[in-house]
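**Q** Here's the letter readout for the chains.
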Amino acid sequence: MLDETTVQIVTELDIVAARQLGRNEAKAIGFNKVDQARIATAISELAKNIFLYASVGKIIIKRITKNGNSEKGIAIIAIDKGPGIKDVGKVLDYSPAANNGAGLHAVKRLVDLIEIQSEIGMGTIVRIEKWLR
Amino acid sequence: MNILKQLKAQYKKILLDYILNQNESNLYIGQNLIKQLIQKNVTPEDVIGIHKQAIEEIYEDLPESISHAYDFLIELMVHFGLKVKEHQFLLLKQEEMRIEMDIAAKIQNLLLETTIPTPELLDIGMVSIPKRKMNGDYVHFLHDDENYLGVAVTDVVGKGVPAALCMSMVKYGLDTLGYANSNPSYVLEVLNKIIEKSVDDSMFVSLFYGRYNLNNDIFTWASAGHEPALYYRAKENIFYDLESKGLLLGILPEFKYIQHDVKLEKDDFLVLMTDGVTDFRKLEEFDSRGYIKQLAVSYSRLSAQQMCEEIYKDLERLQDFNLDDDFTIVIIKK
Numbered sequence: 001m002l003d004e005t006t007v008q009i010v011t012e013l014d015i016v017a018a019r020q021l022g023r024n025e026a027k028a029i030g031f032n033k034v035d036q037a038r039i040a041t042a043i044s045e046l047a048k049n050i051f052l053y054a055s056v057g058k059i060i061i062k063r064i065t066k067n068g069n070s071e072k073g074i075a076i077i078a079i080d081k082g083p084g085i086k087d088v089g090k091v092l093d094y095s096p097a098a099n100n101g102a103g104l105h106a107v108k109r110l111v112d113l114i115e116i117q118s119e120i121g122m123g124t125i126v127r128i129e130k131w132l133r
Numbered sequence: 001m002n003i004l005k006q007l008k009a010q011y012k013k014i015l016l017d018y019i020l021n022q023n024e025s026n027l028y029i030g031q032n033l034i035k036q037l038i039q040k041n042v043t044p045e046d047v048i049g050i051h052k053q054a055i056e057e058i059y060e061d062l063p064e065s066i067s068h069a070y071d072f073l074i075e076l077m078v079h080f081g082l083k084v085k086e087h088q089f090l091l092l093k094q095e096e097m098r099i100e101m102d103i104a105a106k107i108q109n110l111l112l113e114t115t116i117p118t119p120e121l122l123d124i125g126m127v128s129i130p131k132r133k134m135n136g137d138y139v140h141f142l143h144d145d146e147n148y149l150g151v152a153v154t155d156v157v158g159k160g161v162p163a164a165l166c167m168s169m170v171k172y173g174l175d176t177l178g179y180a181n182s183n184p185s186y187v188l189e190v191l192n193k194i195i196e197k198s199v200d201d202s203m204f205v206s207l208f209y210g211r212y213n214l215n216n217d218i219f220t221w222a223s224a225g226h227e228p229a230l231y232y233r234a235k236e237n238i239f240y241d242l243e244s245k246g247l248l249l250g251i252l253p254e255f256k257y258i259q260h261d262v263k264l265e266k267d268d269f270l271v272l273m274t275d276g277v278t279d280f281r282k283l284e285e286f287d288s289r290g291y292i293k294q295l296a297v298s299y300s301r302l303s304a305q306q307m308c309e310e311i312y313k314d315l316e317r318l319q320d321f322n323l324d325d326d327f328t329i330v331i332i333k334k
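Protein chains in written order, with the working numbering: chain A, 1 to 133; chain B, 1 to 334.
So that you can see chain A by itself, here it is in the shape it has in the complex (with noise of 0.2 Å):
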């Protein structure tokens, strides 16, 4: 199997594609039930995003292992060249001081990491990872 996947986001049917895949992946990797809804979840989350705000823009499902690969993970990367986040590090607060949608902080839960990085006007980079306990 390959490591690497890659699903280009245009319309809504590429979110299910996307889920689809990245289900295969984690089952694949030996996550239980609940933890494949959950990447299935975030997944379709980070693709709606895209669908919703960038028109235009794929993901990336990858295995991950570390230390020496005792250990099995999954990562996510959506790319987008969309409009950009103006505030990343607001996006991922739960305080309510933040302004921005709740959608990213919401699947920061579903997952073991997340990490943004966004450029006005340039686009952003999603990644997240879950790791097989």
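Calculated directly from the structure, the hints in this document are not laboratory data. One thing to keep in mind: the hints can contain errors.
To be verified - Within a straight-line C-alpha distance of at most 20 Å, the following computed EDC-like cross-link-like pairs (lysine to aspartate or glutamate) qualify:
{"#": "1", "chain 1": "B", "residue 1": "LYS245", "chain 2": "B", "residue 2": "ASP275"}
{"#": "2", "chain 1": "A", "residue 1": "LYS27", "chain 2": "A", "residue 2": "GLU4"}
{"#": "3", "chain 1": "B", "residue 1": "LYS133", "chain 2": "B", "residue 2": "GLU100"}
{"#": "4", "chain 1": "A", "residue 1": "LYS66", "chain 2": "A", "residue 2": "ASP3"}
{"#": "5", "chain 1": "A", "residue 1": "LYS27", "chain 2": "B", "residue 2": "GLU86"}
{"#": "6", "chain 1": "A", "residue 1": "LYS27", "chain 2": "B", "residue 2": "GLU196"}
{"#": "7", "chain 1": "B", "residue 1": "LYS85", "chain 2": "A", "residue 2": "GLU45"}
{"#": "8", "chain 1": "A", "residue 1": "LYS48", "chain 2": "B", "residue 2": "GLU100"}
{"#": "9", "chain 1": "B", "residue 1": "LYS245", "chain 2": "B", "residue 2": "ASP314"}
{"#": "10", "chain 1": "B", "residue 1": "LYS83", "chain 2": "A", "residue 2": "ASP112"}
{"#": "11", "chain 1": "B", "residue 1": "LYS83", "chain 2": "A", "residue 2": "GLU45"}
{"#": "12", "chain 1": "A", "residue 1": "LYS33", "chain 2": "B", "residue 2": "GLU57"}
{"#": "13", "chain 1": "B", "residue 1": "LYS93", "chain 2": "A", "residue 2": "ASP3"}
Dock chain B against the given chain A, drawing on the hints supplied.
**A** Chain B in isolation, oriented as in the chain A frame:
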């Protein structure tokens, strides 16, 4: 990890007990287990996963379709949890805004507090009730000596925070003018310039300004697009509208406002109000000014303050205790 395994085993045991014997104590023990699970940060979808696993272990011949049904529920619960979190987040934000609004409303009330003067020869009453937290109406009295009493009744077009901010400016304009003997036309012309210069184009202010000469009982007024005041002449038992054609404040900087005079006699009174008093959106055909005249006459034996309160109660009842606008009425009785 081991603790979680232990909790899973406990869950399975309690579930099995309940399947065999549906009694209250098993349910109670189950609820206590949930408390422990919450402390371990176990989510609702985890609980369903634990439940599914337990069922699969208890019923080895469980049809696959039931397992799929559980998987379906797990999927939905993950999404449900996500949406609940978003919802809670919005509620939290809303609560924070509510607190800020409360503080702002308190500050506004402090800034725009009206003190009703008590000149010897006049009886003055007032009621001003905001529709929302912040009042878009404001009443300002000036009474610096025993010769003159100035009164401004004003209404910002619009409600809530923007109206309140605009109103603060009107108040400071009036404070700056400072003399009760100023001519009403002069007062309006100065305020008009201040507002035209400093307030957004979409903001308009209507204002009725009156000056009462306490020595000769002459009331002089001018109006900037404001609801006409009522003057009741007791001797004739007739109301006169104190009309004055003047533009709203903040439209034309050089506009000239014209002032008029009327002389009050014993038992005469004046009713100054905002359009929140006369505008009944639910009763379009209704002659509200005529109705208010009737009310005012029927309460005219009361003190000015009691008159205002009774008229307010009456109009509030007429509109099912849900007024459309900020409500302000001032009555000055000789």
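**Q** With reference to the structure, classify each hint as holding or not holding.
**A** Going through the hints against the structure:
Note on B:LYS245 and B:ASP275: the hinted pairing holds, with a Cα-Cα distance of about 16 Å set against a maximum of 20 Å. In summary, the hint linking A:LYS27 to A:GLU4 is supported, as the alpha carbons are separated by about 15 Å, within the 20 Å threshold. Restraint check: the Cα-Cα separation between B:LYS133 and B:GLU100 comes to about 11 Å, which is no more than 20 Å; the hinted pair holds. This hinted pair checks out: A:LYS66 and A:ASP3 have alpha carbons roughly 14 Å apart, not beyond 20 Å.
The suggested pairing of A:LYS27 with B:GLU86 is violated, with an alpha-carbon distance near 28 Å, which exceeds 20 Å. Only pairs whose Cα atoms come within 20 Å are accepted, and A:LYS27 paired with B:GLU196 is rejected, the gap being roughly 68 Å. Using a Cα cut-off of 20 Å, the hinted pair B:LYS85 and A:GLU45 holds, with the two alpha carbons roughly 14 Å apart. For the hint pairing A:LYS48 with B:GLU100, the CA-to-CA distance comes to about 33 Å; that exceeds 20 Å, so the pair is violated.
Using a Cα cut-off of 20 Å, the hinted pair B:LYS245 and B:ASP314 is violated, with the two alpha carbons roughly 30 Å apart. For the hint pairing B:LYS83 with A:ASP112, the CA-to-CA distance comes to about 19 Å; that is within 20 Å, so the pair holds. Our distance criterion of 20 Å between C-alpha atoms is met by B:LYS83 and A:GLU45, whose separation comes to about 11 Å. For a cut-off of 20 Å, the pair hint linking A:LYS33 to B:GLU57 stands: about 16 Å separates their Cα positions.
Of the supplied pair hints, the one linking B:LYS93 and A:ASP3 is violated, its CA atoms being roughly 42 Å apart against a limit of 20 Å.
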